[in-house]
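Colleague: Line by line, the protein sequences give chains P and L.
Taking our numbering, I'd label the letters of the first sequence as residues 1 to 207.
Taking our numbering, I'd label the letters of the second sequence as residues 1 to 647.
Treat the hints as calculated values from the structure; they're not laboratory data.
Where hints are given, some of them may not hold.
[Stated by the list, open to error] SDA-like, lysine to any residue: derived pairs with alpha carbons at most 20 angstroms apart: (1) P:Lys194 - P:Asp101; (2) P:Lys68 - L:Ser191; (3) P:Lys194 - L:Pro527; (4) P:Lys194 - P:Arg205; (5) P:Lys194 - L:Asn533; (6) L:Lys414 - L:Gln377; (7) L:Lys315 - P:Arg39; (8) P:Lys165 - L:Arg508.
[As the list claims (entries may be wrong)] Partner residues aside, some chain L positions facing chain P, computed with beta carbon under 8 angstroms: (9) Thr153; (10) Ser191; (11) Asn325; (12) Asp327; (13) Gly432; (14) Leu509; (15) Gly511; (16) Ala630.
Beta carbons are placed, not taken as given, at the ideal position from N, Cα and C, and that holds for glycine.
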Amino acid sequence: MDTSRRTLLGMAAMTPLAGTLLASKTRTTPAVDASAAARERIHERYFPDIILRNQDNKKFRFYEDVVKDRIVTINFFFSKCDGVCPRITANLVKVQKLLGDRVGRDVFMNSITLKPEEDSPKVLKHFAEMYHVRPGWNFLTGKPADIELLRQHMGFTNPDPRLDKETEQHIGNVRYGNERLMLWAACPGMGDAKYIAESIGWVIRND
Amino acid sequence: MYYNVYGEKVSRARHNEMLNAAKNRRELVAAGLTSRRDLWKMGLLTAGGMLVAKSGLSAQSNSGSPGSFNLCVVGNQAASPPTTPFVEKLVVMPQAMPVASLSPAHTKSPNTAAGEVRSGDDQAFDQFPPQLLYNFVQHTLNVIMSPQLPMQTVWGFDDSNGNATSPGPTYAAHYGVPQLTRNNNALPPASQNGGFGLPSTTTHLHNAHNPSESDGNPCDFYEIGQFCDQHYPNVLAGFSSTNPPNGDINEALSTLWYHDHRVDFTSQNTYKGLLGFYLLFNQFDTGDEGTGFHLPSYPQFDIPLAFADKVFDPKSGLLFFDTFNLDGILGDKFLVNGKIQPFFEVQPRRYRFRLLDTGPSRFYQYFVTDLNNLSQQNPYWLIANDGNLLPNPLQITSVRIGPAERVDIIIDFKPFAGKTIYLENRLRQINGMGPVPPAGFVSGQIECSGNGFSDILPAGQGNLLLQFRVSGTSVSDGSVDPATHPTFYSLPDTTATPRVTRTFKFDRLNGQWSINGQFMNCGAITPRSIFANPPRLQVQQNSVEHWILSNGTGDWTHPIHIHLEEHQILSRTAGLSVATNTAPLSAAERSRKDVSQLHPNERVLLFFRFRDWLGKYPIHCHNVVHEDHAMMGLWNIVPQGDTVLVP
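Please model the entire structure based on the sequences and the hints provided.
Modeller: Printed below as a string of structure tokens:
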């Protein structure tokens, strides 16, 4: 992987430095290698390949198995959260219903616990059953340090360090994105479920 | 010169440390060494157990900065490769040129069969038939931002007359000359976006008094191969209400800008280059210093300047956008009109500059700096706020603006003949929360800044944005001397009793940006309609309202923009509930505005007179990262409005 990345970046670096105009006047086809490098850069920066387990105790590597080549939603929660989590989870249940059989086929939903020491796969299984969650939605746990690393990488952080330490204050946004097309955005987890489903549709593209 | 991610100058040694840390970090990830223990061994994990991954790349391994991911630890993130400033000329965007005809011809109703996406029929096409037609095409461009960086693929506008630039060509429009722009989406497929940007667009003409279907509403987006015809009547507010038939001259606009406004993706798409200027002239602000108000002539001495701060990948040198940021994005490279730190050769006379903060999240405070005489104050003239000429010029030594705000200034270079001077940003900002509060301000954000930090950096230690090389040859200057106290427009009266006073609390709950606890929702996008369904509130056409903007987010600063009508700030009040401690408005703020800064723990009372058009418009934070994360709402203008107090 490392070698191929170097090759790609090398090609990008050979892009000629011609032109001192504000912009060239001709239409150009963007270099495919530049996009490949950009995708790799996004991978490096946001998606550490940590090991997670879902509610069925199945093992997932975060980048290779959860995100890569997929359209995903990602949010953070914990099972005993009585702040914003219940509303957000209930909302996402509605989103799953609205997206219907696209979930598990086109879209993969992921909720990652912020309290992995409490939320074992068994606890997560019980939690998912309580909300009548259907297939295509993973509830994920892992090593606490790994989860913290992932949270930091994914930007689910608060710029005020004191607030950032309070798990009850955790970020309630739902990130949605298309890894292959490098389209990433986020919406509030407490927002209107119908509108969240519509928003996710914006990154379900074939281009 | 070396900078860190906040745009602060750092030593070369420090910069090398940062680059090394970045390299280490990449190698770690590539090697799969991401466990806490591995990172700790490598010294990349801070005492608080946090890796500074969100904002970039940590140099703490070498410098041993204390604390965790922390506001107090500034300047520990490297991003862009070094670039040499002031080696490239300032580029002035070309003037947009019209086309003879559009094919297919414009139709009053949206031409959906031909691929047009528009929210409804033209409201005033017959009343203001376009005299000029423009065919703007959005497509990719390869540009050089610095000779030391590789060619960058960005998105720009092409006027179909050979002017294809980013920022896009500048419109030189005139009141009384209605025009129509066909905006075409010819962007490449998403797989070629280079890491950010959605090829789905809607072009907003910021601050125009335009009908809803031509406003470029965030929800009125269109896809690759589609287009939208936008009718710009170039008519003064009040033409069909308070001041028929031509409108109120005291509502004249001058410096507007166009930019992509695609809901959820505005920050990415504008950062990628979809923006430009729209100048609006009239019989007073003529663009000719021999007539009217005698302001410096366009385009020779009247220069639009688009400011942007960006980040480039340290490895590839390619433009980078932090799509996972929820707070606000700062860059460490400062661009003016698409070039990093350019120089501009000027004559020793007066120039009008139209300064625009294109965001995404940085505020600027502009000073004129002579590096050979740092103790000298260099006053200049403020003539317009948000593109609205003030009643009279104001002599100032600095002015602060936030994302989307504009100021028009006049600098007289005569005293600097033969010298090299700079336009410098001396405002300190370390994250997306807004400028650092002034020293002594009680604030959680800056509890760590009590030890001598100030919101204003010393002269010469800020960000040198633009270098002026003033030639020594004396020249004629036919423009008005602002010191003679010329009079421009009067401020419209604000004593009318409001029909309703509404409150908008800008808030944040668990990182979710909201207005009055509600989130942006386009509602039913199809079928397209000029009315939002459902709207947050219904304003009655041709009525006066007071709007209270209230900051529920503590230490954050939000630049709040409301489309269609300008407002005037009636008061700024500290605190959120009891009307005490009203701060006096600065002279610069006694003006018409379309973006008002909502400072920490503050309420701002605004006067509005909503006129002329019907349809939907947004209110939103113009820190576009907040905007893209739902800090926006839609309201309608309708014949019979509601009186919802907290929409």
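Colleague: Evaluate each hint against the coordinates.
Modeller: These are the hints, each one checked on the structure:
1. Between Lys194 of chain P and Asp101 of chain P, the direct Cα distance comes to roughly 16 angstroms. Compliance with the 20 angstroms bound is thereby established for this hinted pair.
2. For the proposed pair Lys68 of chain P and Ser191 of chain L, the alpha carbon gap of about 14 angstroms is at most 20 angstroms, so the pair holds.
3. Between Lys194 of chain P and Pro527 of chain L the CA atoms are separated by roughly 16 angstroms; this keeps the pair inside 20 angstroms, and the hint holds.
4. A C-alpha spacing of about 19 angstroms is found between Lys194 of chain P and Arg205 of chain P, which places the hinted pair at or below 20 angstroms, so the restraint holds.
5. Proposed proximity of Lys194 of chain P and Asn533 of chain L is supported: the alpha carbons are some 14 angstroms apart, at most 20 angstroms.
6. Using a Cα cut-off of 20 angstroms, the hinted pair Lys414 of chain L and Gln377 of chain L holds, with the two alpha carbons roughly 15 angstroms apart.
7. Pair hint Lys315 of chain L plus Arg39 of chain P holds up; C-alpha atoms about 14 angstroms apart against a cutoff of 20 angstroms.
8. For a cut-off of 20 angstroms, the pair hint linking Lys165 of chain P to Arg508 of chain L stands: about 17 angstroms separates their Cα positions.
9. Below 8 angstroms, beta-carbon pairs count as interface contacts, and Thr153 of chain L has one with chain P at about 5 angstroms; its hint therefore holds.
10. Below 8 angstroms, beta-carbon pairs count as interface contacts, and Ser191 of chain L has one with chain P at about 6 angstroms; its hint therefore holds.
11. Contact between Asn325 of chain L and chain P, as hinted, is supported at the beta carbon level, the nearest pair being about 6 angstroms apart and thus within 8 angstroms.
12. The interface hint given for Asp327 of chain L holds, since its Cβ lies 5 angstroms from the closest Cβ of chain P, which is under the 8 angstroms cut-off.
13. This hint holds: Gly432 of chain L has a C-beta 7 angstroms from the nearest C-beta of chain P, less than the 8 angstroms allowed.
14. The interface hint given for Leu509 of chain L holds, since its Cβ lies 7 angstroms from the closest Cβ of chain P, which is under the 8 angstroms cut-off.
15. Among the interface hints, the one on Gly511 of chain L holds; its C-beta lies about 4 angstroms from the nearest C-beta in chain P, closer than the 8 angstroms criterion.
16. The interface hint given for Ala630 of chain L is met, as the beta carbon of that residue sits about 5 angstroms from the closest beta carbon of chain P, less than 8 angstroms.
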